[in-house]
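Using the hints, put the two standalone chains together into the complex.
Residue-level listing of the chains:
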Amino acid sequence: MTELAATDPLPKPKRDIIPALLPVALALLALPLTGSTSSWATLTVASLAMGMMIFIMASGLTLVFGLMDVLNFGHGAFIAVGAYVATLVLLPLAGWMQADSLLSNLAALLPAILLAMAVTGALGLVVERVLILPVYGQHLKQILMTTGGLIVAEQTLYALWGPQIIPLPLPASLRGSFIIGDVAIAKYRVLAMLVGLIVFVAIQLVLNRTKLGLLIRAGVENGEMVEALGYHIRRLFLGVFMTGSALAGLGGVMWALYREQVHASMGNDLTVLVFIVVIIGGLGSIGGCFIGALLVAMVANYGGFLVPKLALVSNILLMVAILMWRPRGLHAVTSR
Amino acid sequence: MSDLLALSAVHTHVGRYHILQGVDLVVPEGQTTMLLGRNGAGKTSTLRTIMGLWQASAGQISLAGMRIERTATPDIAKLGVGYVPETMAVFSDLTVRENLVLAARDGPLDETRLDWIFGFFPALKRFWLSRAGGLSGGQKQMLSIARAIVEPRKLLLIDEPTKGLAPAIVGSLIECLKEIKRSSATILLVEQNFHAARELGDSVAVMDNGTIVHRGEMAALAADIPLQERLLGLSLEAHQ
Numbered sequence: 001m002t003e004l005a006a007t008d009p010l011p012k013p014k015r016d017i018i019p020a021l022l023p024v025a026l027a028l029l030a031l032p033l034t035g036s037t038s039s040w041a042t043l044t045v046a047s048l049a050m051g052m053m054i055f056i057m058a059s060g061l062t063l064v065f066g067l068m069d070v071l072n073f074g075h076g077a078f079i080a081v082g083a084y085v086a087t088l089v090l091l092p093l094a095g096w097m098q099a100d101s102l103l104s105n106l107a108a109l110l111p112a113i114l115l116a117m118a119v120t121g122a123l124g125l126v127v128e129r130v131l132i133l134p135v136y137g138q139h140l141k142q143i144l145m146t147t148g149g150l151i152v153a154e155q156t157l158y159a160l161w162g163p164q165i166i167p168l169p170l171p172a173s174l175r176g177s178f179i180i181g182d183v184a185i186a187k188y189r190v191l192a193m194l195v196g197l198i199v200f201v202a203i204q205l206v207l208n209r210t211k212l213g214l215l216i217r218a219g220v221e222n223g224e225m226v227e228a229l230g231y232h233i234r235r236l237f238l239g240v241f242m243t244g245s246a247l248a249g250l251g252g253v254m255w256a257l258y259r260e261q262v263h264a265s266m267g268n269d270l271t272v273l274v275f276i277v278v279i280i281g282g283l284g285s286i287g288g289c290f291i292g293a294l295l296v297a298m299v300a301n302y303g304g305f306l307v308p309k310l311a312l313v314s315n316i317l318l319m320v321a322i323l324m325w326r327p328r329g330l331h332a333v334t335s336r
Numbered sequence: 001m002s003d004l005l006a007l008s009a010v011h012t013h014v015g016r017y018h019i020l021q022g023v024d025l026v027v028p029e030g031q032t033t034m035l036l037g038r039n040g041a042g043k044t045s046t047l048r049t050i051m052g053l054w055q056a057s058a059g060q061i062s063l064a065g066m067r068i069e070r071t072a073t074p075d076i077a078k079l080g081v082g083y084v085p086e087t088m089a090v091f092s093d094l095t096v097r098e099n100l101v102l103a104a105r106d107g108p109l110d111e112t113r114l115d116w117i118f119g120f121f122p123a124l125k126r127f128w129l130s131r132a133g134g135l136s137g138g139q140k141q142m143l144s145i146a147r148a149i150v151e152p153r154k155l156l157l158i159d160e161p162t163k164g165l166a167p168a169i170v171g172s173l174i175e176c177l178k179e180i181k182r183s184s185a186t187i188l189l190v191e192q193n194f195h196a197a198r199e200l201g202d203s204v205a206v207m208d209n210g211t212i213v214h215r216g217e218m219a220a221l222a223a224d225i226p227l228q229e230r231l232l233g234l235s236l237e238a239h240q
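Residue numbers (our numbering), protein chains in the order written: chain A, 1 to 336; chain B, 1 to 240.
Next up, chain B with everything else stripped away, as it sits in the complex (with noise of 0.2 Å):
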């Protein structure tokens, strides 16, 4: 299986710091890699280094081939990388019909895309001519992985989709990934949940002070409970 996206020893500086400090990291073509590491490794500063949001100060990193490094982020967008930042981003004064058409940068919203988004968040077809700030946590997350998703992309970049949302919507999240994995989507999922690593993944790299430590299979790293400890600080059971 060729790789779709690769990163080859990519520095990135934010003002005086030096945050990613050579990264190589690949991403295989359909499969979902997750990226591990303590909070401050670098994971989310690889997701931004790589959608161009901050400038790689030196490397490499191409997609399907092409250098992508001095591109600009509108531009990598439109080679068909989709973005979910850690921080949901979605715009609160637009409803969640709005969000989406702008998500829709080719043309009019696929109504059966729509269809399939609408299958695994029926909230958003409830929602959908309501401002999306008076959503709750898990419905803008939603809201934020269905505007990566309502154009089919080459790529997706989610940052802790998980992160701080009550368990219930985090295992209809889980099921959510899983049917956009099955779309043969490519995947670099940043996740700190074990059970949705695990759930997730096919491979995994795992960062450390801006530099990838390990990289591996997802169930190999799940199975070996004190390499986990080594790398991660704690067993990723922990993490739940």
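For reference, chain A alone in the conformation it holds in the complex (with noise of 0.2 Å):
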């Protein structure tokens, strides 16, 4: 092995830029072939909105896959019961949500927000000590079990609420578009990138500047060595897997409101997208989730408009095309 004298500087840790130019690529790689500044400047707000909103739901199953090895089959649950969650505070809510002030659309949006969030959070503690505790490291079961649970879930959504679409409106003060020379940009998606934005910055900051987020960063890499320095990883796993399901429900309320609907099957439609998100952002990497969020909602809505029929594989194309490339997806932090 060879070893560094004491004077010879530390090699520079190469930094891995080229994930983070891929969206930059594939949205300069769009504009020709969309034929129209404004079309495309369109496609990609909508792309970047939907990015985000992908990622907020994806951040919290990719640290789960990462820290604790879970393979949670189940984390659509989590979207669809806050999307309800939420419904049920808004719908009685309409007269403040249709209300011309700015004001009333908040006091009856941030209560929904925040009691969906606290749903999912303490259902996730549910989820854990019932349906995963039990099945550490075992892969086979894990998805088993967390099927099982998406399975119970959605057929209790049904059960409670029937397999009607309930139209859950936008608040009136997010209708609507700003309009900038031929470019129209929808109010709801500029406040779906700030709250995604929001959700990412928080993330990194807690991951990158508090002890919580060494751990949670040497838990991904050696959850075993984390245990051997005196911490319980097992309640570290807890605490990250109630945050993510409750950025799940965050997810499912801004997913919900954006396609202005709910249905029962919705976290199930969601999961496999989350999932593709998860793989090619690398297993635990929040930065590659990130990135691969944009990704998948970028290739969906250049694809959509470019070659419709292309619509319906691009993401698992994209997902193959990634994975050749790097087995282990953009930013490979696990071994697995």
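Hints were generated in silico from the structure; no laboratory data involved. Note that this is a predicted model, so its numbers are computed, not measured. We put the beta carbon where it would ideally sit given N, CA and C, even for glycine. Incorrect hints may have been included.
[As the list claims (entries may be wrong)] Example chain B residues on the side facing chain A (calculated, C-beta under 10 Å, incomplete): (1) Val-14; (2) Ile-68; (3) Ala-72; (4) Thr-87.
[Claimed, not checked] No more than 27 Å apart at the CA atoms, straight line, and that leaves these computed lysine-lysine pairs for BS3-like: (5) Lys-211(A) / Lys-125(B); (6) Lys-163(B) / Lys-211(A); (7) Lys-154(B) / Lys-211(A).
Structure, rendered in structure tokens:
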């Protein structure tokens, strides 16, 4: 093994910026193909907003995957439950939601979001203790247990609210668009981008500036050594699982408002998308998850516009391409 | 001198395999006990079982008179046991500083103790804010040991610290371990390098097939080549 002399400089770690450049390259590539600048701008903003919402839903799952080595196929249940809890709050407050006052809109929206996150966080506690705890380290059983959990959650929503789609109109102040030149940018998409960025920055700050974040990053790499240093990683697992569930709940509310509807199978529908993002990004990598979500959204939007028939398989093709290039995802954090 | 650590008839199963088959071992307080043996004899498994990373299936493990064979790994660490695994297990995505911050469980890093550590591991000071993944093998081993001693510990479990390192680095590691030893630390050290074993060991236990087959003074084993050949299959000189 080659050793460095005391005076030798430490080799600088290579900064891997290629994944971060991919969304930029994709956007630039799409510019001449879309034909008009306004279409391109609209698609790009739609991609960014959709990507941020997918990131919010997937961020918890990637940490759960990376830190706990748990295949949680039931993550979509938290998305659907979050959306339904918010709907329960927002429907009776429809008057405030449709009022032409931002304050009235917020008075309805904020409690709905907070309650959705609290309920999904608490549901995460129950799921981790009841479904996950008995099957740590057993992937096949994890898949069976969490898929079963997703089916139970979905059927419970069907039983309680029926199979019909429940309309969930946007609050009045978030409807409409900002017009810049000949480009219309939907207000809600701007909000979705802002919330996604805030979540991303908050997670990065926690991971990089706090001891809790150090523990999570260390735990993703080597949980056994974290335990040998005197930290109960199972408690850390539980905290991360609950946070991931609450973020999925937040993502569910954002998605439901984006689509202006709620239905019982929405969690199931989004599970595949969220898993694709987590795998593309690299298990346990928040940065990878962020870039992966943007790529998935961009491919869906640009692809849907340019080659509509390709839209159904575009995300799978993207995942295959990324994994052929980097088999452990864009940012490999774990050795899994 | 009292025994800080005592293992009595300890058995460990890992899956279908019966790894430790009745280990009896004592580690006197303030001494360095060498744990020797051929590859696969059960040395690493013994350290992992003491640390609670593998649960003993039978037998007793006592640390300062307290039974710990059913204690969870983090609680064993909190009792004052530092562990340096064979793989070093530094957190490569974290900086040198962050690795040590995590190891300083009881509060902020103690500057005086850090200076003591930097005294024999100057590279850690130099690369304080560098990612641990970029360090050389020897520097990672230094970090792994520094992590175990960044706070005072009752007992250090160190698994083959010189494995795979260049001879120059091995020499400085031995000096470092001697310095730690001078601070009255109690150490259970797995080592294949005879020079290191002879320099550092007060007492010795030799393992074979998951049991202790010899216990005694390190100096006596170092002087008895026929005994070395019988216990280890070759003289310790050949291990260098």
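Find the hints from earlier in the document that the structure breaks and name them by number, from lowest to highest.
Result: hints 1, 2 and 6 break, sorted rising.
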